[in-house]
Amino acid sequence: MDPVTLAVVRGALEQIADEMDLHLIRAALSPIISETNDCAHGLYDPVTGETIAQGGYGLPMFLANMQFTVQRLIPIAEQAGGFRPGDIWITNDPYLSGTHLNDVILVAPHFVDGKLFALFANTGHWMDMGGSVPGGWAPTAREIHQEGMIIPPLRLYEEGRRNDAVVAMITANVRLPQQLLGDLAAMTNVFALGRRGLDDLVARYGVATLKDCIDEMMRRSEAEMRSYIAEIPDGTYAITDYFDNDGVVDEPLAVTLVITVEGSDLVFDFTGTSGAATGPMNISDATTRSLCFVALKHIFPEVPVNGGAFRPTRFVIPRRCILAAEYPSAVGGTTDVTQRIVDVVFGALAQAIPDQTPAAPFGTTGVATVSGRHPDTGKYFVAVYPYPGGYGASRDSDGLINGTPPGSMAKFMSVEMSEHRYPVRFGHYAIREGSGGAGRHRGGCGSDYAIETLTDTVISILGDRVDHAPFGVQGGGPAATNSVVLTTGGRSWVPPMRSKAEKIPFAAGDSFHLGSPGGGGFGDPLERDLAAVETDLNAGLIDKAAAEAVYGVAIATTRSIDGRPVFTLDPERSRARRSGMRPDRRRAG
Amino acid sequence: MGGIVGIDVGGTFTDLFYSADGLGVDAVLKVPSTPDDPSRGLIDALKAANVAPASLDVILHGTTIATNAVIERRGARCALITTAGFRDILELGRRDRQRMYGLTGLQQPLIPRAMRWEVEERLDHRGAVLTPLDQAALARLAEALAQEEIDAVIVSFLHAYANPAHEQRARDILKAANPNWEVVISSDVVREYYEFERTSTATVQAYLQPLVSRYARNLTGKLQELGFRRQTLVMQSNGGLIPLGQLHERAANIVRSGPAAGVMAAAKLAAEAGFTHVITGDMGGTSYDVAVVVNGAPRIAETTELDFRIPLRLPMIDVHTIGAGGGSIAYVDRGGILQVGPRSAGAVPGPVCFGRGGTEPTVTDANAVLGRINADQPIGMKHLARLDIEEARAAMQALGEPLGLGIEQTAEAILTIVNHVMARRTRLLSVEQGHDPRAFALVAFGGAGPLHGAAIMREVGIRTMLLPPHPGVLCALGCAVADLRYDLSQTVEKPLSDIAPGVVRDVLTGQRRDGEARLSASRTPLDSVVVGHAAEMSYLGQIHTLRAVVDPSWDHARMIEAFEEVYRREYGNTLGDIPVVIVSLKTSVQGVRAKPEIRPSPLQPRPAPSKASREVYFGGWMTTPIYDRTELAPGMTFDGPAIIEQADTTSVVEPGMHGRVDAYGNILIEVA
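Chains as they are written, first to last, in the working numbering: chain D, 1 to 589; chain U, 1001 to 1672.
Since the hints were derived computationally from the structure, they do not count as laboratory data. Here the structure is a predicted model, which is why all the values come from computation and not from measurement. Watch out, some of these pointers could steer you wrong.
Said to hold, decoys possible - Now the stretches of chain D that chain U is said to cover, found in silico as 3 or more residues with beta-carbon under 8 Å:
no.	segment
1	91–100
2	387–394
3	530–541
4	570–579
As the list claims (entries may be wrong) - Some chain U residues well away from chain D (every beta-carbon gap over 12 Å; in silico):
no.	residue
5	G1003
6	A1079
7	T1083
8	E1091
9	G1093
10	R1113
11	E1118
12	G1227
13	G1245
14	T1416
15	L1429
16	R1463
What the hints assert, rightly or not - BS3-like, lysine-lysine: derived pairs with alpha carbons at most 27 Å apart:
no.	chain 1	residue 1	chain 2	residue 2
17	D	K379	D	K544
18	U	K1268	U	K1494
19	U	K1494	D	K379
20	D	K379	D	K411
21	U	K1047	U	K1175
22	D	K411	U	K1268
For each residue, glycine too, the CB sits at the ideal point set by N, CA and C.
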C-alpha cells in the first residue's frame, strides 16, 4: 500500500465526516445540536458495519455506538429486502441504538455503479419526542413509554420517496413538530454533502484502491490500538462503584467492572452489575461499550476513531442489567449512568497504568431544570442547568475545575443571559471550596451555585454521587460528594432521593443550592509541593485544618488583606511534620 | 505626499515596508525582533531601511507584544473586584475543557483566586439596583489593596452593561485610594452581557494596559529623538488603525494585530485585482493562518479564545490557525502512517538543513531536498551561507526507510501530507461558514505560503491564486493600507415589540457620535468617514444570532424584514410568527485615510525571462526555470513548473499551471 495515498485517503474520509458534522451543527434548529454539538456523523462498512470514519465535532458519547447501531440495523434492513439506492432508515429505539429517545439516527446507503459501497449514518438530538415531561426527561419514569415515542427501525425514504405517513405519525406525537421537521430536513440534507465528497474520492482513486485503503486503515488502527494495550501490564483489574439509587427505589446500584489485559487484547467484563433499575438509571449495552472507548480515548487521545481500533476489545455485559437495558426499562438517566462508565474504566486502569490514568471526575451530570410560565410573556419556558464539576488529578497535573462531563462538550449558560431569559436570579456561582480530593496533585474543586426563582415554577433535578464519592488514586483522597438543598417557604430540605427530585413546586422566592462533586486526588498529599499547598490555602481551595492535618504543613506567619488571611508556610517545620505523620498514615492505611 | 512606513513586529522577525512617496515600494526587509524592548527592533528596521523618520508622514504598525504577553503570562499584576458571590467567574468559564479528549492539564487564570475580591452590590438584568453598592466596604478593600504590589484593578459587576453607575463609582473609590493604579471597569470595555466573556475581556485589557502604555511611551520617545513628529498608527485586531496615543485605553484591541493586518492587505490587493471572494493563507515557520473574505470584507469574529478560558469579546478578524509551518516535524505514528506537525522544530533547533542541531525532518527540509528552495540563498539566515542539503537528505532517508520510500519520495510525501492538512482546514473553514471554497481565489503569503499555495489551491479546487508583490512582509504592507476604525456595541436583548419607537435610532446615533468623536481626537488626516450600523437579532428563544445591516431611520417592521432576509439567506426559510429579538446594536465608524491611489500599469504581454534553471522534483526531477521576481513586469507570462525567487520568499508553480503578472504586480496562478 502506497503510504502517501493511504494518509491522504484517510484524511479525505475524515474530512467528509467532519464536513457533515459542521453542516448539521450550522443548519439544525435544535439548540441542543447547534449549541452543544449533540450529534454525530460517520461512514460505515456496509457488510461488517465497522466505522470507516467518524466526524471529529460530534459528542464523545457517540464515539462507538454509531457503529454498534449500524451493525444492528444491517440484518434488519436485509430482512426487509436490503438497502436500495435512495433509502434512508430511521430509528430512535434506545435498546438498539443506545442513549435515549431524543437521539434519532438516520442511515443511508451509498451506491457506486449500482453496488453498495458504504453506509452513511448520523444522529441528532431532537428537543422533544413526546412523553410525560417536555424535553423527554422524567426522573421517576418506570417504563420507556413515559419518556416518549419509539420509532422502530424503518425506511423513512424508500428509493428517494419520503414516507409522509411516518412523518405525520411522528409530528402528531411531539410538542415541537415544526422544529422537528426542520431538524429532519437538515439531517437528510447532510447525506447529499457526504455523497458528493465520497463520489469525488471514488472518481479520484477508484473503488478498488479506496477499498484497499479502507482495509489497510482498519488494520493500521487496530495495530495502533494494540500497541497501546500491549503497554498495559497483563492482569485483571477490578472495581465496583455505586449509584445512590434509581430515583424510584432508594437502594444503591452496583457497577462492577473487571478489565482483563492479555497481550494486546482487552476485555471489559461488567458481570456483577445490578439488574435493571425500576427508575430511569439504565442504558443500552451499545452506549456502555461506547463510553468504555471514550474513557480509553481520554487516556490515549491519539487513538484513531474507526472500526479497527475497536477490534482488540471484547465485552461481557450481562443481559437486563442497568448497563444493557431492554424493553420496557426507562433510560432517561443516561446522562448520569454514562459518566459512571468512564469513572470505573479509569478506576480499573489506574491500577495498571497509574502514570497515564486520572482519578475519578465529578461523575454526575446532575441536570436541574426550572420550568413554568414567564411572568413577562405568559409563555412556557424550560431552563436547563447541567452540573459542572471537578476533574480528577493525574500524574501530570491537578484536576480542572468546572469541567464538562467526559462524554459531553456541552457548556453552562451565562448567568446574565439566564437572568434575561428566565425568571431566575443567581445568588452565587463559585468554586466549591475544599471539594477537590487531596493528593500530591489535588483533584479539581466542584462548583457551587444557588438559583432563586422569581415566580411560581416547577423544579426537577437528576443527579447522583451523594452517597459514593469520586475516588482518588495512588493514595489520593476522594472528592466531596454532591449536595442538593432546596429552600421552599423559608425551610431548607434535602430531597428523599438526595439528588433526584421530580416536579417540586416552587413559589417566588424559593431557591435551590447545588454543590457539585470535585475530582479525586492523585498520590499522597504529604508529597504535595509546599508552594502549591500555600497557594491552595491562600486561594481558599483548602482550609487551614486540611492544610495541617491532610497535607501536613506548618504555618509560619499569618497576616490579612481586608480580613482575608494570607498564610506563609514554614518549610522546615512542614517537612518535619510530614515525616512525623508518615508512619501514622501507614498504620492507618 | 511624504513617505510612509508599515512595520509588523512579530515574535521572530520585524518586517518593514517603506514607500518614499506613498505609492511605490522603496524598501522591504526583515530584521530580528527584540522581545525585551520591541520598540528597539522597530527602530532597527527603520535604520536598516535607511529611512529618515523626519521625512515620513506616518508610521503604521502592527505588533505581537500583546498576544505574547498573554500567552506567556507576562502582563501586569492585577486584582479583580466583582459582585459578591461571583469572584470566580473569571476562572470558572462556562463548563468546558481544553480538548475533546484528554482530561489532564490545567488552566492558569490571569488573576489568581487570592487576588479576586467581592463587594456587596447587585443589579438586575434591566440595570435596576437590587442591592446598593457598599461604598464603605469597597473603600476599606481599596485601602487594603493599596498596600499590596498591584499595578491594575478590574471592576466587573453583574449586568453592569445595563447600568454602569456602580462600576463607575467603584472606579472613583479605587482611584482615590491609589491614583497610580490602572483601573478598568467592564462596562467601559464591553457594553454587552455574558459576564465571563466581559470580565475576561476587561481583565485582558488591564493585564496588558501597563505594558502597552510603556511600549507606546518608549516608541514615541525614540521616534521623537529621531525627529519624527507626525502620526503613529497601530493596527487593531479588527483590521482598523488607532493612534498610538489612544493605545493605552485599548490595549486589548491590538491582540493579534499582525495576522489581521495580513488579511486586510490580502483583501485589499485581491479587490484591486478584481477578486472579492478570497481565502487568505498565511504560512510561516510554525503555523498556517487562514481567513475568509466575502465581498471584499474579512469576516469578523465576536469572540476569540486567546488561551484556554481566556476569551476576548472584541470584534476581531476571524483568523484560524493550525500547526502547519516550515518547521513542522514529520514522523511515523504507531499505526505506521506518515504524519506532519503540529509539533514544530521552531527557530531553535530548527529544520535539519539550517544546521543548528535539528535532527528531525521538517517541511522546510522537504522543500530543500526537492530543490524548491534555493540552497545557496537561505532567506532570513545570517549564520549560514548555504543550506545543509546532505544532512536533510540523511534525515529523509532515516524517516522513509521503514515505509519503503526513497529520499525524494519521502520529501514529496511530507509535502503532500502537510499540504493536505492545510487544504483540509481551508475547506472546512469555508464550509463552516456556508461557502463553496471553489468560488474563491486564494491569496498565499507569509514566508512559506507561496511555496505551498499551488498545492493547496489544487487540493481545494480553487481556480486562481494571487501571489502579492511582497508575500513575506504582507502584514507590514497591511498596516500601510488600512484605515482607522472604532467598533461600538450595546446589548438590548428585548423583543422588538418591547422596544419603544426611537430607541434604536437613539442608540445607533449615539454610537456614531462616540466613534466620530474618537476619530477627530485622533488628529489623522482623513478623506472620508464611513459609518455602518448593524443589529444582532434572533427569534425569541434562539441561542445563535444573525447580524443584519440596518439603518437608524428604520421602523420595527423594516428591521424585522431585514432580519428575515438574512435568516432566509442563511437557512433557506423563516420561522413565521415567532417574535424577533434585538440582542445588540452595533456601529462601526471608519476613518478612511488620505492615501495616494495606486494606478495599474499597462500590460505588455510577453514571456517572462528566466534567470536560470535548476532541477526541481515534481514526482520526478524536472529542469525548472527560475524567475527573479524583481524582473517580472505586468503582462509577462510563464508556465509551470516554475520557481520564483525574491528576497522575502520563494514561490512554487506546479507543472500544468500557468502564471501571469497583473497590472498591479501580483502574480496570478491558474490551473491550465
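Is the claim that G1227 (chain U) lies outside the interface with chain D correct, judged by CB distances over 12 Å?
holds (49 Å)
Are the Cα positions of K1268 (chain U) and K1494 (chain U) separated by 27 Å at most?
Violated, at about 38 Å.
Beyond 12 Å from every Cβ of chain D: is that where the Cβ of T1083 (chain U) lies?
Non-interface label on T1083 (chain U) violated, nearest chain D Cβ at 9 Å vs cutoff 12 Å.
Taking 8 Å as the C-beta cutoff, is the stated coverage of the segment 387–394 of chain D by chain U satisfied by three or more residues?
holds (count 4)
Pairwise hint evaluation, K1268 (chain U) against K411 (chain D), where the allowed Cα distance is 27 Å at most
violated (38 Å)
Confirm or reject: T1416 (chain U) is not an interface residue toward chain D, with every Cβ-Cβ distance exceeding 12 Å.
T1416 (chain U) is in fact no farther than 12 Å from some Cβ atom of chain D, at 5 Å.
Measure nothing beyond the straight line between the CA atoms of K379 (chain D) and K544 (chain D); if it is 27 Å or shorter, mark the hint as holding.
violated (49 Å)
Verify the coverage statement for the segment 530–541 of chain D against chain U, using a C-beta to C-beta distance below 8 Å and requiring 3 or more qualifying residues.
holds (count 5)
Coverage of the segment 570–579 of chain D by chain U (three or more Cβ within 8 Å)
violated (count 0)
Against chain D, does G1245 (chain U) keep a CB gap of more than 12 Å to every residue?
holds (34 Å)
Is the Cα-Cα distance between K1047 (chain U) and K1175 (chain U) 27 Å or less?
The hint is violated at about 41 Å.
Does the claim that A1079 (chain U) lies outside the interface with chain D hold up, using a Cβ gap greater than 12 Å?
violated (10 Å)
Hints 1, 4, 6, 7, 8, 9, 10, 11, 14, 15, 17, 18, 21, 22 from the list above are not met by this structure, while the remaining hints are.
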